[in-house]
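Chain order of the listed sequences is A and B.
Sequential numbering from 1 applies to the first sequence in the numbering used here.
Sequential numbering from 602 applies to the second sequence in the numbering used here.
Warning: the hint list may mix true and false statements.
Straight-line distance between alpha carbons at most 16 Å, and here's what the computed EDC-like set of lysine to aspartate or glutamate pairs gives [claimed, not checked]:
no., chain 1, residue 1, chain 2, residue 2
1, A, 591, A, 548
2, A, 556, B, 685
3, B, 722, A, 338
4, A, 341, B, 685
5, A, 572, B, 685
6, A, 572, B, 709
7, A, 560, B, 709
8, A, 341, B, 718
9, B, 722, A, 336
None of these hints come from the bench; they were simulated from the model.
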Amino acid sequence: MRKKVLMTGNEAIARGVWEAGVTFASAYPGTPSTEILENVSKYPEICSEWSVNEKVALEVAIGAAVGGARAFCSMKHVGMNVAADPLNTVSYSGTNAGLLIVTADEPGQHSSQNEQDNRNYAKLAKMPMFCPSDSQECLDMVKLAYSLFDKIGEPVLLRMTTRVCHSKSVVELGEREEKPFVPYVKNAKKYVCVPANARIARAELENRLDALKEFSNNTEVNRIEDNGQTVGVIADGMCYNYAKETFGDTVNYLKIGMVNPLPSKKISQFCEKLTKVYIIEENDEYIEEAVRALGFGKITYGKYAPNGERFFPAYGELTDDVIEKTVYAKKINTVDADASKIVARPPALCAGCPHRGFFYEIGKRKNVVVSGDIGCYTLGFAPPYNAMDFNNCMGASISSGAGMQKVFNKANNGLRVVSVIGDSTFFHSGMTGLLDVVYNKANNITVILDNRITAMTGHQENPGTGYTISGEVTEAVDIEKIVVALGIKNIKTIDPQNLKQVNETLDWALAMDEASVIVMRYPCVLKKLSMRDHEQYPEAYKTKYEIDSAKCVGCKLCLKSGCPALHLNNGKAEIDKTMCVGCGICYQICKIGAIKQRGAK
Amino acid sequence: MKSILMVGVGGQGTILASKLLTQGLLAEGYNIKMSEIHGMSQRGGSVVTHIRFGEEQVYSPVIGKGKADVIIAFEKMEALRYLDHLAPNGTVVVNDLEVPSISISTGDKEYPQGIIEELQKHAKTIVINAGETAEKIGSQKVVNMVMLGAVIGKMGLENIDWKKLLTENVKPDFIEMNLKAINAGVELVK
Numbered sequence: 001m002r003k004k005v006l007m008t009g010n011e012a013i014a015r016g017v018w019e020a021g022v023t024f025a026s027a028y029p030g031t032p033s034t035e036i037l038e039n040v041s042k043y044p045e046i047c048s049e050w051s052v053n054e055k056v057a058l059e060v061a062i063g064a065a066v067g068g069a070r071a072f073c074s075m076k077h078v079g080m081n082v083a084a085d086p087l088n089t090v091s092y093s094g095t096n097a098g099l100l101i102v103t104a105d106e107p108g109q110h111s112s113q114n115e116q117d118n119r120n121y122a123k124l125a126k127m128p129m130f131c132p133s134d135s136q137e138c139l140d141m142v143k144l145a146y147s148l149f150d151k152i153g154e155p156v157l158l159r160m161t162t163r164v165c166h167s168k169s170v171v172e173l174g175e176r177e178e179k180p181f182v183p184y185v186k187n188a189k190k191y192v193c194v195p196a197n198a199r200i201a202r203a204e205l206e207n208r209l210d211a212l213k214e215f216s217n218n219t220e221v222n223r224i225e226d227n228g229q230t231v232g233v234i235a236d237g238m239c240y241n242y243a244k245e246t247f248g249d250t251v252n253y254l255k256i257g258m259v260n261p262l263p264s265k266k267i268s269q270f271c272e273k274l275t276k277v278y279i280i281e282e283n284d285e286y287i288e289e290a291v292r293a294l295g296f297g298k299i300t301y302g303k304y305a306p307n308g309e310r311f312f313p314a315y316g317e318l319t320d321d322v323i324e325k326t327v328y329a330k331k332i333n334t335v336d337a338d339a340s341k342i343v344a345r346p347p348a349l350c351a352g353c354p355h356r357g358f359f360y361e362i363g364k365r366k367n368v369v370v371s372g373d374i375g376c377y378t379l380g381f382a383p384p385y386n387a388m389d390f391n392n393c394m395g396a397s398i399s400s401g402a403g404m405q406k407v408f409n410k411a412n413n414g415l416r417v418v419s420v421i422g423d424s425t426f427f428h429s430g431m432t433g434l435l436d437v438v439y440n441k442a443n444n445i446t447v448i449l450d451n452r453i454t455a456m457t458g459h460q461e462n463p464g465t466g467y468t469i470s471g472e473v474t475e476a477v478d479i480e481k482i483v484v485a486l487g488i489k490n491i492k493t494i495d496p497q498n499l500k501q502v503n504e505t506l507d508w509a510l511a512m513d514e515a516s517v518i519v520m521r522y523p524c525v526l527k528k529l530s531m532r533d534h535e536q537y538p539e540a541y542k543t544k545y546e547i548d549s550a551k552c553v554g555c556k557l558c559l560k561s562g563c564p565a566l567h568l569n570n571g572k573a574e575i576d577k578t579m580c581v582g583c584g585i586c587y588q589i590c591k592i593g594a595i596k597q598r599g600a601k
Numbered sequence: 602m603k604s605i606l607m608v609g610v611g612g613q614g615t616i617l618a619s620k621l622l623t624q625g626l627l628a629e630g631y632n633i634k635m636s637e638i639h640g641m642s643q644r645g646g647s648v649v650t651h652i653r654f655g656e657e658q659v660y661s662p663v664i665g666k667g668k669a670d671v672i673i674a675f676e677k678m679e680a681l682r683y684l685d686h687l688a689p690n691g692t693v694v695v696n697d698l699e700v701p702s703i704s705i706s707t708g709d710k711e712y713p714q715g716i717i718e719e720l721q722k723h724a725k726t727i728v729i730n731a732g733e734t735a736e737k738i739g740s741q742k743v744v745n746m747v748m749l750g751a752v753i754g755k756m757g758l759e760n761i762d763w764k765k766l767l768t769e770n771v772k773p774d775f776i777e778m779n780l781k782a783i784n785a786g787v788e789l790v791k
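All chains should be modelled from the sequences, with the hints used to inform the complete structure.
Below is the structure:
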């Protein structure tokens, strides 16, 4: 008997990748997709790597697949925007060996800046796409994707959603099937995408799409469950489970496991017998539009009812309570308590977080606009710092900051823009923005918060850490050298745990009309410190501070640090000794010397 | 089919507790699905784990509003935050612990008073002090195992071989203490 284990969708994808005989895998971390590559990297047969961004991740995977090995690449939904350029052409050229690309979407925006529906990318790039609904399907569909490639020659997409990625269900394990390398043969007509070749590839792609339509109509992953009813449900991915919970066997089902191309014939065959069909899908009305186009608009209830009115919610997750509420137009019986007794509990910078010093100081400055980026430090926007004015996508802090500063200079309004970005995000797509600052003579100030790890997604290695995903020692790329090479003349590196230094350096940068870069370097408090970290920061997080309650006057100034280890108790400040790691920010803030190191006199 | 919602604050060890629980249920032959949102867990945010199991097929890994049989709250304000997920005849097991959120620490807001009373007004509520129990056993670190014990006791899952699962999941030196904590948690809800 095969071994059965509980796995998250992400773990099951990784297992499927291993069983499918994949040799090369790449990704850039991003919730909810991060654990896929982390798990893939545990299999020694697979060469795994954190790429510097999603575009690079896809490009190295394409190279590996053209080179003749089964390759794999994963990213979060917004990462696919970064990788969209190679994506939309690799569908034309194809690859030599199988290539599978996973996108992890976020209905409900648990950890993301938008809710884009990447099923649309399958349509845009004209690539087949699978949509698993549980961990077993994650594993099975990975293997199905590679076998489909072997039949048709088209790279394949697989769309996860947060609940598929991060929910556990039972998976039956198989064995790895080694795939011999496909010998590399030069084929410029196929792989050199000049217009003359690409026009031919475009026509050939159409033939492959026809074959894929045929496959979609026949594959068991698009499955009709006939319960002899006149009402039906069409659902894909996790939504199928929500629908089963709501309707049980009181409806017929068409479970969609392949969303591009959709199985038009099967949809028609399914809908013909029905008086009403519910389309249950998260994010866009992707399946719904296809069902309407097939002529079933009069019986279709999706994001819209047949009369054009809103039916299912336009956004958020379609869990069974939401479906029930919409379909039966009834209030769900819930236990409702006094909401005034609930205070929000947003995430906050950790006790000892090396980003704290910068946000504490910049938040107090006037005439400064902070252009932010994506990472833990985005939390600097929140109280008590209120120290971020805008952000958008990975890397935008520097480039958008440049544009804004130029307009401010024209307007002569005296405002200075400080762009703030983390180490991993700088490597991802901040470097190009900084080059633009230099080239186009912008003069915004760039602060690189280098905590020597990709922290927000749970501590992944990056080009600055000195290690690869598998723990191998590699070149620890020098941020200052990059900054100087990009043409920045004014650069300083400081310790963000030293408030005086932070302030003086900000003064230095703000006093100049030229662009400058301040590298604020200190390892993340949650990081497992490397040998180099230990050597360079021997004192890091080794002490603790306490309040001298006889001296504390309860002025609350230290609470403005936003440190979760600090709180007020009977009108005086108190430091939680289990949380304090001795960063000393509160000690530097206190004006009356009421905070001291534990054990100090 | 049973639905358990486990709620708490990042860093309280809800993830290990739910991992052990699901492994135990799987070993016992139940169908099971579990879902957690943990992107922010290390940064002091609110964390929630959904666990659904039964003899019959389990489809959704997510517990909708009004559908949880039991809410196990590692912190009392979190119990109130997720109370709308409780089925009208469901039970709340709440750890009598206050963890201030950042706006409370910074002095902008007060930790709300009367939470336990509010819970009791609306739902069957079992109040336990897992911290005190854990301290007696030897360490605050086993609070999560006391809470796991409370789930086990409440759901009648004492027959599962928890010692075996602990052996597979924690360091040898800590097995006994964790097992004691689980047993103590079971007693708290009896």
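To see whether the hints hold, each was checked on the structure:
1. A:591 - A:548: 13 Å, holds
2. A:556 - B:685: Violated. Residue 556 (chain A) to residue 685 (chain B) sits at ~35 Å, over the 16 Å cutoff.
3. B:722 - A:338: 10 Å, holds
4. A:341 - B:685: 14 Å, holds
5. A:572 - B:685: 36 Å, violated
6. A:572 - B:709: With a Cα-Cα distance of about 15 Å, the restraint between residue 572 (chain A) and residue 709 (chain B) holds, given a limit of 16 Å.
7. A:560 - B:709: Holds: residue 560 (chain A) and residue 709 (chain B) sit about 10 Å apart, inside 16 Å.
8. A:341 - B:718: Given that 16 Å is the threshold and the Cα spacing comes to 11 Å, the pair holds.
9. B:722 - A:336: 10 Å, holds
Of the numbered hints stated above, those contradicted by the structure are hints 2 and 5, listed in ascending order.
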